[in-house]
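S.K.: Can you make the complete structure from the sequences, with help from the hints?
Protein chains: 2
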Amino acid sequence: MPTANPILIPELRVMLAEGDTAGLREVAEELHPATVAEFTEGLEDAEIWRMLDAVPVERQSEIFPYYPMPRQVALMKASDRQHLGGLIEWMAPDSRDDLLRELDPEFVEEILPLVAKAERHDIRMLLSCPEGSAGSMMTTEYASLPAEITAGEAIARLRSQAPNSESIYYIYVLDPERRLLGFVSLRDLILAKPTSLVSDLMQKDVITVRMDDPRERVVEQLARFDFIAMPVVDDRGRLVGIVTHDDVLDAVRQDATDDAQRIAAIAPLGEGYLEAALVSMTWKRGIWLAILFATAAVTAMVLARWKSPHAWLVAFIPLVIASGGNSGNQSATLVITALSTGDCKLADWKRILRREFVVSLMLGLLLAIPGYLLGLAYAPDPVHALVIPATVLSVVMVGSLVGCVLPLIFRSLGLDPALMSNPFVSAIVDVVGIVIYMGMALVLLGG
Amino acid sequence: MPTANPILIPELRVMLAEGDTAGLREVAEELHPATVAEFTEGLEDAEIWRMLDAVPVERQSEIFPYYPMPRQVALMKASDRQHLGGLIEWMAPDSRDDLLRELDPEFVEEILPLVAKAERHDIRMLLSCPEGSAGSMMTTEYASLPAEITAGEAIARLRSQAPNSESIYYIYVLDPERRLLGFVSLRDLILAKPTSLVSDLMQKDVITVRMDDPRERVVEQLARFDFIAMPVVDDRGRLVGIVTHDDVLDAVRQDATDDAQRIAAIAPLGEGYLEAALVSMTWKRGIWLAILFATAAVTAMVLARWKSPHAWLVAFIPLVIASGGNSGNQSATLVITALSTGDCKLADWKRILRREFVVSLMLGLLLAIPGYLLGLAYAPDPVHALVIPATVLSVVMVGSLVGCVLPLIFRSLGLDPALMSNPFVSAIVDVVGIVIYMGMALVLLGG
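Residue numbers (the numbering used here), protein chains in the order written: chain A, 323 to 769; chain B, 323 to 769.
Any given hint might turn out to be false.
Since the list gives no way to pick out one identical chain from another, each pair is judged satisfied if it fits inside one copy or across any two copies.
Listed below are the simulated SDA-like cross-link pairs for lysine to any residue, each with C-alpha atoms no more than 25 angstroms apart in a straight line [what the hints assert, rightly or not]: (1) LYS667 with GLN576; (2) LYS399 with MET447; (3) LYS515 with GLY594; (4) LYS606 with ARG676; (5) LYS672 with SER602; (6) LYS629 with MET760; (7) LYS606 with LEU723; (8) LYS399 with THR357; (9) LYS439 with GLY341; (10) LYS667 with HIS354; (11) LYS667 with THR604; (12) LYS629 with ALA701; (13) LYS526 with ARG481; (14) LYS526 with GLU352; (15) LYS515 with GLY474; (16) LYS515 with LEU353; (17) LYS515 with GLU463; (18) LYS515 with GLN483; (19) LYS672 with LEU737; (20) LYS667 with GLY736; (21) LYS672 with TRP605; (22) LYS515 with SER466; (23) LYS667 with GLY364; (24) LYS526 with HIS405.
In short, the hints are calculated from the structure, not lab data.
M.R.: Printed below as a string of structure tokens:
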């Protein structure tokens, strides 16, 4: 998300005050729509609307989606309904769908009658796709052709279709029932002899996603095949829309941020760090801190009952707990990232468990050595000192096991593996770690 | 990274045994190159080469980059040098650059003489760009035109340039010194009247990156403007290459995985979870576990010197330490993700500090309440119990402060903010937390 750039604000305000429509039009027409949004974001809502009114609604609809989402919502609410009908009609279907999902349903029902009937049907179809599905990412504007025409005719037809198409770089070849037969790139059409048939030029091995496929699948397929867009089909194989590369990139960046925040026990902010309200940020962090605090309280209660005659063991409590938490955190994160990039699947669980067993055994042994040396420095004799390495080894192994199993469980329940894995790993491993430590002390040193 | 698909292996082996070149050619020609790589990855190196030899070198060069990088390296080493010259010559410059960077420099010097001179120059230029720069991501194959020709002429020229261009969807308009004047999309060329001049059709407001710009900047710009490709210029404004959307998507996905792994104190694997060798994985986790273990050992040594008369305090040590570590981890992750998505810049450090101060004060107070109640349950009197909330509040605030400052320091030193922030936060906050706890006990309860 680009931050607002205030450099042109004074000049824009002078133009607005002087009613310099030509000047405003020049700014809004000549720059990239993303840059226009950046430069004008610092204006008041009413000023932005006066600025946008200097250009036709087609251009307004290109600039509008580049404002941050909360601002788009505020601008919608600050405008008269009549104005919005035209804007909504012209906006790219995917940007429009993103915006309408953020508005109150009553507000949407108020605007929809002002939108042309054909568009209204599209809007309702996209809004009906569940959040996070291929359908919710797609646009209904794409270029399509029948199979039996020539490359020359195809280019002539594209000339008339193009203004309505977000992407004409892939053209989808459909039968009369709109079932997808193949696709041809604009590049291939240009390079082909004008007399060759589209049906001979097209690639028949089309990779598609279904409307209800999860967005991870769209990302994985588009990234694997380096496509500019992925076609989306319904359950009868009919083309209903396309997901374009830019929306996939945005989704990947947003998911990466969300996952990193979940790994650090934060409910995803969903907006820029500097934009998020302090109360909402406190809540999104506080809820997880409180849960982690509650589990730490359990650890404290367990510890409070521990009346060991071996006072030197107390100093090693944080070390023992941290070893398990750290290795568990590592395992959870490795499995979460591997699942989200498609490097491994749920079905690989046996291999994952085997790998984690071997690696955590090696890691545990690695840490057990300095653990024993440390123990020797504080324990009354070499046998007593064994409690430290024995506990470290067990806790590291238990930590890794819990860490790799939790994301797999979440995935198998149809949940996002990053959802709560890392905080839960800490919670479980802390308590288990302290119990193992107390148990080892009891077994090796006696009560 | 797609995983190998073994389903066709038996059939392919039959074709190889029978010398069924026509059958092999059909598989290698008809499917998407990514799919061919997936289906053949399960074969031996020599079998893959025999399979690839069924198709011309142009097609081989399209399939080859879709094998996982370690396999590409193995295949290179398993082939005779003469064979490689042709393949290297035909590969897309960016895929070729990625591969050559993985090979021993001596090996590369052996192959280069077998490559045509013009390509050799390109290869050396790309190899000279530092890792992680725009230059190292770019391809030198792009479509370019002079400004003074018509749209009709332009399309005719593209027909001859196109076979060498990874992307002809944006065409760059250059002056005789190859300085970038503007760009025109293939879509605009197709829609324009054939007699209109390219100089009138082109967008003059070109957004570029420089060869030595960091890859984060390429990602940010391409994502902001929804481009299919970003032009890369040298310090005199001459076009040297383009970075295409698919490489940006790959970079974003790889960076996201690396960052998540760094946040969990793992040196980035750089390869798939299931592919990574167990020894290398143990090392990449063990190095950080060992560092964290060493800092936990410091905490243990500090604790061992603590002879408090107030035995009930011991049970709360893990809780106090964890509160600081968790809030510090949250702050570090928020700042790291905000810096990497461009949501905030180094220059925003004052706002960041102010936000973290307010939020951590609220979080600290939130946790202090249950902390006091817990303390009351175990402390001999209500005044003694105050040690817990007072420590929790201070530790949460110190944790957040350290958590947000460390990534900013790493960024200001030109390092990746995710590099070591989270592990360092834990390390620092653990020790500081225990010292604060001991200090609070001393002040409020006396020695």
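S.K.: Taking the hints in turn, state whether each one holds.
M.R.: To see whether the hints hold, each was checked on the structure:
In this assembly of identical chains, LYS667 and GLN576 lie within 25 angstroms of each other by CA distance both inside one copy and across copies; the values are 22 angstroms within and 18 angstroms between. In the homo-oligomer, the alpha carbons of LYS399 and MET447 lie at most 25 angstroms apart inside one protomer (24 angstroms), although the nearest pairing across protomers, at 53 angstroms, exceeds that limit. In the homo-oligomer, the alpha carbons of LYS515 and GLY594 never lie at most 25 angstroms apart, since the shortest distance is 50 angstroms inside one protomer and 44 angstroms across protomers. Taking identical chains as interchangeable, the C-alpha atoms of LYS606 and ARG676 lie at most 25 angstroms apart only when they sit on different chains, with a minimum of 18 angstroms there against 35 angstroms within one chain.
In the homo-oligomer, the alpha carbons of LYS672 and SER602 lie at most 25 angstroms apart only across protomers (20 angstroms), although the nearest pairing inside one protomer, at 40 angstroms, exceeds that limit. In this assembly of identical chains, the alpha carbons of LYS629 and MET760 lie at most 25 angstroms apart whether taken from the same copy (10 angstroms) or from different copies (21 angstroms). Taking the shortest alpha-carbon separations for LYS606 and LEU723, only the inter-copy value of 18 angstroms comes in at or below 25 angstroms, while the best intra-copy value is 28 angstroms. In this assembly of identical chains, LYS399 and THR357 lie within 25 angstroms of each other by CA distance solely inside one copy; the values are 23 angstroms within and 48 angstroms between copies.
Taking CA atoms no more than 25 angstroms apart as the test, LYS439 paired with GLY341 passes in neither setting, with 35 angstroms inside one copy and 61 angstroms between copies. Taking the shortest alpha-carbon separations for LYS667 and HIS354, only the inter-copy value of 23 angstroms comes in at or below 25 angstroms, while the best intra-copy value is 41 angstroms. In this assembly of identical chains, LYS667 and THR604 lie within 25 angstroms of each other by CA distance solely across copies; the values are 22 angstroms between and 35 angstroms within a copy. Proximity of LYS629 to ALA701 under the C-alpha cut-off of 25 angstroms is found in both arrangements, the shortest distances being 17 angstroms within a copy and 16 angstroms between copies.
For the homomeric pair LYS526 and ARG481, the shortest alpha-carbon distances inside one copy (24 angstroms) and between copies (23 angstroms) are both at most 25 angstroms. In this assembly of identical chains, LYS526 and GLU352 lie within 25 angstroms of each other by CA distance solely across copies; the values are 9 angstroms between and 40 angstroms within a copy. In this homomeric assembly, LYS515 and GLY474 come within 25 angstroms of each other (Cα to Cα) both inside a single copy, at 8 angstroms, and across copies, at 16 angstroms. When the C-alpha separation of LYS515 and LEU353 is checked against a cutoff of 25 angstroms, the pair qualifies only between copies, where the shortest distance is 23 angstroms, while the shortest distance within a copy is 37 angstroms.
In the homo-oligomer, the alpha carbons of LYS515 and GLU463 lie at most 25 angstroms apart only across protomers (24 angstroms), although the nearest pairing inside one protomer, at 27 angstroms, exceeds that limit. For the homomeric pair LYS515 and GLN483, the shortest alpha-carbon distances inside one copy (21 angstroms) and between copies (16 angstroms) are both at most 25 angstroms. For the homomeric pair LYS672 and LEU737, the shortest alpha-carbon distance inside one copy (20 angstroms) is at most 25 angstroms, but the shortest distance between copies (38 angstroms) is not. In this homomeric assembly, LYS667 and GLY736 come within 25 angstroms of each other (Cα to Cα) only inside a single copy, at 13 angstroms, whereas the closest approach across copies is 37 angstroms.
In this homomeric assembly, LYS672 and TRP605 come within 25 angstroms of each other (Cα to Cα) only across copies, at 22 angstroms, whereas the closest approach inside a single copy is 38 angstroms. Taking identical chains as interchangeable, the C-alpha atoms of LYS515 and SER466 lie at most 25 angstroms apart whether they share a chain (19 angstroms) or sit on different chains (22 angstroms). Proximity of LYS667 and GLY364 under a CA criterion of 25 angstroms is satisfied inter-copy only: 18 angstroms between copies versus 46 angstroms inside one chain copy. Taking the closest pair of Cα atoms, LYS526 and HIS405 never come within 25 angstroms of each other, the shortest separation being 44 angstroms inside a single copy and 31 angstroms across copies.
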